[in-house]
Amino acid sequence: MDARGLRIYLIGAVIVWAGILLSSAVLLAGSGVFAELLPILAGGAVWFVLIVPSALRRR
2 MDARGLRIYL IGAVIVWAGI LLSSAVLLAG SGVFAELLPI LAGGAVWFVL IVPSALRRR
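For the sequence shown, the numbering used here begins at 2 and goes up steadily by one.
Where hints are given, some of them may not hold.
Derived Cβ-Cβ restraints for the label pairs, each shown as a range [as the list claims (entries may be wrong)]:
id, residue 1, residue 2, range
1, Val27, Val47, 35 to 45 Å
2, Glu37, Ile16, 34 to 44 Å
3, Asp3, Ser32, 39 to 49 Å
4, Leu7, Ala43, 19 to 29 Å
5, Gly31, Gly6, 35 to 45 Å
6, Leu38, Leu11, 17 to 27 Å
7, Trp48, Ala4, 19 to 29 Å
8, Gly33, Gly6, 34 to 44 Å
Think of the hints as simulated: they come from the structure by calculation, not from any bench.
Idealized CB from N, CA, C, for every residue including glycine.
Full structure from sequences and hints, please.
Structure (structure tokens):
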């Protein structure tokens, strides 16, 4: 993947994961479940925003 494609991927991934985290926080506010769900969501965000792009950059 070239640098431009990687940049587009990163911007898209950050936007999507920010929306997922924000909407989950709004929907689950006050329920106590968001605290349990946050590590799972954070793991997904780390995978798609940090790990995958670094693997694509090495190729």
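Worksheet item: Should the hint that Asp3 and Ser32 are 39 to 49 Å apart at their CB atoms be regarded as holding?
Response: Check passed, 43 Å falls within 39 to 49 Å.
Worksheet entry | Gly31 paired with Gly6, Cβ distance criterion 35 to 45 Å | The hint (35 to 45 Å, Cβ to Cβ) holds, given that Gly31 and Gly6 are roughly 41 Å apart.
Practice prompt. Go ahead and decide if the range 35 to 45 Å is satisfied by the Cβ distance of Val27 to Val47.
Written response: violated, 22 Å
Discussion item. The hint says 34 to 44 Å between Glu37 and Ile16; measuring C-beta to C-beta, is that right?
Written reply: violated, 25 Å
Worksheet item: Is it true that the C-beta distance of Leu38 to Leu11 lies inside 17 to 27 Å, as the hint says?
Response: holds, 24 Å
Worksheet item: Is the distance from the Cβ of Gly33 to the Cβ of Gly6 consistent with 34 to 44 Å?
Response: holds, 41 Å
Worksheet item: Taking the CB of Trp48 and the CB of Ala4, does the distance hold inside 19 to 29 Å?
Response: holds, 21 Å
Item to complete: Using the beta carbons of Leu7 and Ala43, state whether their distance is inside 19 to 29 Å or not.
Response: Holds: the Cβ-Cβ distance is about 22 Å, inside 19 to 29 Å.
Hint compliance for this structure: hints 1 and 2 are broken, all remaining hints hold.
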